[in-house]
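J.: Here the protein sequences line up with chains Z and S, keeping their order. Residue numbers for the first sequence follow the working numbering, so the first one is 1 and each next one is one higher. Residue numbers for the second sequence follow the working numbering, so the first one is 1001 and each next one is one higher.
To be clear, the hints were calculated from the coordinates, so they are not data collected in a lab. Virtual Cβ for every residue (Gly too), placed ideally from N, Cα, C. Be aware that one or more of the hints could be misleading.
[Said to hold, decoys possible] Derived CB-CB ranges, DEER-like:
hint, chain 1, residue 1, chain 2, residue 2, range
1, Z, V99, S, T1224, 53 to 59 Å
2, S, S1019, Z, F277, 58 to 64 Å
3, Z, P91, S, L1030, 34 to 40 Å
4, S, A1122, Z, F277, 41 to 47 Å
5, Z, V176, S, T1224, 41 to 47 Å
6, S, D1029, Z, G94, 31 to 37 Å
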Amino acid sequence: MKTENQKAWFFVLPVLLLVAFNALIPMMTVVNYSVQETFGDNIFFWQGLDWFQQILRSDRFHAALGRQFMFTFLILIIEIPLGIAIALSMPRKGFWVPVCLVLMALPMLIPWNVVGAMWNIFTLPDIGLLGYFLNHVLGINYDMTQDPVAAWVTIVTMDVWHWTSLVVLLSYAGLVSIPDAYYQAAKIDGASNWSVFRFIQLPKMKNVLTIAILLRFMDSFNIYTEPFVLTGGGPGNSTTLLSIDLVKIALGQFDLGPAAAMSLIYFAITLLVSWLFYTLMTKDDLN
Amino acid sequence: MAKITLSKLRHSYLPNPKSSSDYALKEIDLDWQDGGAYALLGPSGCGKSTLLNIISGLLTPSEGQILFDGKDVTKLPPDQRNIAQVFQFPVIYDTMTVYDNLAFPLRNRGRDEATVERRVMAIAEMLEVTDMLNVRAANLSPDNKQKISMGRGLVREDVNVVMFDEPLTVIDPHLKWKLRSKLKELHQRVRATMIYVTHDQTEALTFADQVVVMELGQVVQIGTPVELFERPAHTFVGHFIGSPGMNILPCTLQAGVVQFGTHTVTLEGPIQGAADGKTEIGIRPEFVALADTGLPATVTKVSDVGRHVIVECQSQGHKINAVVEGTAPEVGADVHLDLKREQTRLYVDGWLATEPGERT
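So that you can see chain S by itself, here it is in the shape it has in the complex (with noise of 0.2 Å):
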C-alpha cells in the first residue's frame, strides 16, 4: 500500500500536441492518501479513464510523474507496479475454475501454494463465493464473473492500489447495491488504497470518502460527498451532482450589489478577488423555497418524485427550480421564491468567488 502521488501530469493521444485542446488531461496534481477510497466522477470522455490507465501503467504519460510512496513508478509495466485494477466488463478466464482465477496473480508471481490456498480462501469467503470454487468460471453470472474480476484484485495482499473502471456498467439494477456495498466494505477489511471511476454519482457518493470531480481533462474539485453537495467549487459541480443540479442564474455586479434582472439578491458572504467576468449566481434547489414575498416567479411545471415535489419556476426568463416539502402549488400559479442566503453563492467564469459569511 502506498501514496500515490500525481505531479504535473498531462497526457495527449496525439503524438504532437499543440493547444490545450489537444490534451486529454490538462496538468494534473493530485495526492490519493494510503488507504483512502476515492472517486473519480465525470462525464464521459472527461479523461478518467486516461488518468486511470496512467496510474495502473497500461499508458505512459506524455508530461509530468506518478509516484508511489515518493518512488517514481512512470517508466514502470503494470505487472512492477504492484496495483490491481478491474474493468468495466468482467474480466474471467474462462478455461479455469473460479479458484484458479483468484490464484492466477499469486501464482503468477510464484507465490507458494499453502500461501496462495489461504489468500484464495480468505478473499473467497469476504466475496461469498466459496461454494463456487470449483466451477469452470465460464458458467457464472455476470455479477459473480464480475466479483471474480474484483478478487482477483484484492487477492494479493500487497497491491498499491486497487482501481475500478466503472465496474457495475453490465451489472443488474438490484445487484449494483449488493456489489456495491460488498465492495465499501470490502475496502473496509483489505484496507487499501481504492479508486472508483465512474460517471454516476450516486457510485460516487456512496462509495468513496474523497470524491475527484473531473471535466475536459481537468480537475474540478476535490471533496467529501458533503462538501461537493454544499459548496461546489465550480458551476459544473453544482449542476452534475444533485438531482436536480443546482441552479445556475446570469447575473450583474455593480458596486458590491448583485442584481439577477431586476431582482437584488443577497450573497452569503464577501466576495473574494476581482470579479471581472462571466457572473452567475448558485443556488441548490433544496435551498430555493416559496415565501410571500422575494422573487417573483411562475411555476411551470410540478413533477412529484415521492419524497419531495420538485417544482421548476420561470423568473426574469430564466428557469429555476426548487425542492418543496408538502403541498406544491399549481401549473401557472405566481409565486415568490425564497432563496436561503447562507446557500446563495458567486461564480465568476464558472469558479466559486464568495466566502461563506457569519452565519446568522
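The following block holds chain Z by itself, in its conformation from the complex (with noise of 0.2 Å):
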C-alpha cells in the first residue's frame, strides 16, 4: 500500500495565502470593479460587459494598443541583437571579465524613476549634455517635448540603454557554458565564424534567449515609470503607451470600470502572447 502523505499542503499554505492577499484578491477587485459601474459612496449599479466591449472598440485603445506593440518591437528588434553582440565581444577569461559584467550589471541597478529622471535631463535641449550637443554643436533640432519623432527616438534609446545589459548577461551565461572542445571541434572541421556561431552558440544560447525576450517582452509590453517620468506620455499622445492610458483613465479620469477592464484585456494580452511565443520556442525541445 502507498501511503500518501498529505503534510505538505500546510508547507504551501503559507505561500497560497501570500499569493492570495497580493495578487488574487486585488485582482478579483479588479474583475469585479470591470463590471459595474460607480459614482463613489461605494454604490455600484451592474454593468455586464459593456465596459470590455467599450473598450475593445475604442480608437483610443487601439492606438494605445499600436503604440505598445511598435514600443516593444522597436526595444526586442535593437536589444537581442545588440546583447548576443556585445556577449560575443566579451572576454571569457582573465581581468577584464569581472569588469565587464559589473559594467554591465550597472544601467539594472538604477531605479526605473531616476533613469527617466535621468534621460529627461540628459535631453534637455538647453541644459541637457546630450540635448545641448545635438541642438547647439551638431545643428539638429532637437526637442522631445515638441517633437513625437525625437519623443520616441528617446524613450528607445533609453530603454536599450537600461536593459540590453539583461540579454548581454543572460547571453553570457550561455556562451560560457560551452565547453572549449565545441571550439575546437568547430576548428577542425573547417568551420567558418558565421557557422560557429549558427550551429553553436545560438542553439547553445537559445534557452537563455527564450528566457532573455520573454522577459523584456513582458517588462517592456507593461513599462510605466520611465516613459511616464520622460515625456509623460507626450507631446501630445504620441508616446501614451497602454499602462500610461491606463492610469489616465483609471486615476485621471476616475474611470474604474473602464479602466479595470482595459487592466484585463491588457493582462490577457500579455499572457497571451507570452504563452504563444513560449510555446513556439520550446515546442522543438519536447520530440
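Quick one: dock chain against chain with the hints and give me the complex.
T.: In C-alpha cells form, the structure reads like this:
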C-alpha cells in the first residue's frame, strides 16, 4: 500500500495565503470593478460586459495598443541582437571579465524613475548634455517635448541603455557554458565564424535567449515609470503607452469600470503573447 | 595520410619556463608511421593531451617542430593541417541531423554534394548509423553521439591523422567494448594513422599496434603491447601496465652479485653500463612461482580474480605479488618464491639495465 503524506499542504499554505492577498484578491477586485459602474460612495450598478465592449471598440485603446506593440517591437529588435553581439565580444577569461560584468550590470541597478529623470535632464535642449550637443553643436533640431519622433527616439534609446545588459548577461551565461571542445572541433571541421555562431553558439544560447526575450517582452509591454517620468506620454499622445493610458483613465478620469476592463484585456494580451512565444520556442525540445 | 614527425618538441604553459618542471612536455622526439594505430598511454597530467593538441594545432609548442611528411606544420592552424580529432565528450551540432553533422566537415571545405553524399553514406554504413541519418543529432544517446563525432573525423578521405582524446570516457561499460572493436575495425578499413589517448591500459593495448607510454611530460617507452609487458624499459611502465603491476624490489649490487636483503638473486643476463645509482629488481607477478626452495616469504593476502589467484607475500620487509594457478596457500603460511631467471631484470635509477641472456 502506498501511503500519501498530506502534510505537504501545510507547507504550501503560507505561500497560498501570500499569493491570495497580494495577487488573487486584488485581481478579483479588478474583475468586480470591470462589470460595474460606480459614482463613489460605494454604490455600484451592474454593467455586464459593456466596459469590455467599449474598450475593445475604442480608437483610443487601439492607438495605445498600437504604440505599445511598436515600442516593444522596436526595443526587442534592437536589444536582442545588440545584447548577443556585446556578449560575443566580451572576454571569456581573465582580468577583464569581472570589470565587464560589473559595467554591464550598472544600468540595471538604477531605480526606474531615476533612469527617467536622468534621461529627461540629459536630453533637455538647453542644459542637457545630449540635448545641448545635438542642438547647438551638431545643429540638429532636437526637442522631445515638441517632436514626437524625438520623443520616440529618446524612450527607445533609454530602454536600450537600461535593459540591453540583461540580454548581454543572459547570453554571456549561455556562451561561457559551452565547453572548449566545441570550438576546437569546429576549428578542426573547418567551420567559419558564422557557422560557429549559427550551429554552436546560437543553439546553446537558445534557452537563455528565450528567457531574455520573454522577460524583455513582459517588462517592456508593461513599462510605465520611465516613459512617464521622461515624456509623460507626450508630446500630445505620441508616447502614451498602454500603462500610461490606463493610469490616465483610472486615476486621471476616475473611470474605474473601463480602467478595470482595460487592465484585464491588457493582462490577457500579455499572457497570450508570452504563452504563444514560449510554446513556439520550446516545442522542438519536446520531441 | 602522412608520416608525422615530432622533433625536439617542448611545451610549457608558463610564459617564461625556467626549470624542467615548468615544462608540460620535456623534449619529445617521435615518429608516427603512416597508417599506424598508436596509443598514447599515461596517467592523468602526464602531458598526453598536451601532445595531442600540439599535433592537431590547437596548441603551438614552445619549442620544436611538427612535420607532416617532412613538411613543417608547426605554425599551421588545425583546419589547414587536415587532421581530425574526437574529444572526450561527444561534440555534435545539436540543431543538425546526423546526416548534416557528418557532412559538415566536407561542406565547409566546399566539396560538391555528390561527393558529400557518397562519403557520408559510406561512413554511416561503417558506423552502422544509416537508419538514423535523418534524426536530429540532439536526440541521440551518448554512445551514438560519440559515434557521430568519430564519423565526422573519418568522413574526409584525405585526413593525415585521426586523434582520439579518451573518447570512451562517457560511454557505458557494456558499450565500450563495442565501440572499441568498431574503432579497430575502422582502422583496418580506412588505414588512416590513428592516435588514441587514454589512461586505460586495456583500451591502449587492445587498440594499438604501438603504444607510447608517457610520464611527467616524457616518453618513457614505445613498443608493442607484448614488448611493454615483457620488457618494460622503465619501472614506471612495469608498474603502470599489468594487473597487478611489476614487483619492484630494492637491491644491492656488489661485484656483479645482486642481493635482495639477504637473498642472492640471479638476473636474466649481463648488466649494461656502470650501474651506479638506485638499483632495483623488477619481476612481473606472472613470473613469480611458489616453490620448495628460493626466496622465503610469508603470505599476507590472497585474492581470487577468477582466472588465477593473486598471492601477496611479505619478504625481507617488502611486498611481492605472485600470480598462482590452481590452489593457493593460506594467509600466514610460510612459502618459498621462485623468481624466473630470464624474467628478472635490473633497473638503475628507474631505467632497464640488463640485457636478455641466453635462453635456457
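J.: Against the range 41 to 47 Å, how does the distance between the Cβ atoms of V176/Z and T1224/S compare: consistent or not?
T.: holds (44 Å)
J.: Using the beta carbons of S1019/S and F277/Z, state whether their distance is inside 58 to 64 Å or not.
T.: Cβ of S1019/S to Cβ of F277/Z: about 59 Å, so the range 58 to 64 Å holds.
J.: For the hint 34 to 40 Å, verify it against the beta carbon of P91/Z and that of L1030/S.
T.: With a Cβ separation near 36 Å, P91/Z and L1030/S satisfy 34 to 40 Å, so the hint holds.
J.: Given the hint of 31 to 37 Å, is the C-beta distance from D1029/S to G94/Z inside that range or not?
T.: holds (35 Å)
J.: The hint says 53 to 59 Å between V99/Z and T1224/S; measuring C-beta to C-beta, is that right?
T.: holds (55 Å)
J.: Would you say the C-beta atoms of A1122/S and F277/Z sit inside 41 to 47 Å of each other?
T.: holds (43 Å)
Of the numbered hints given earlier, the model fails none.
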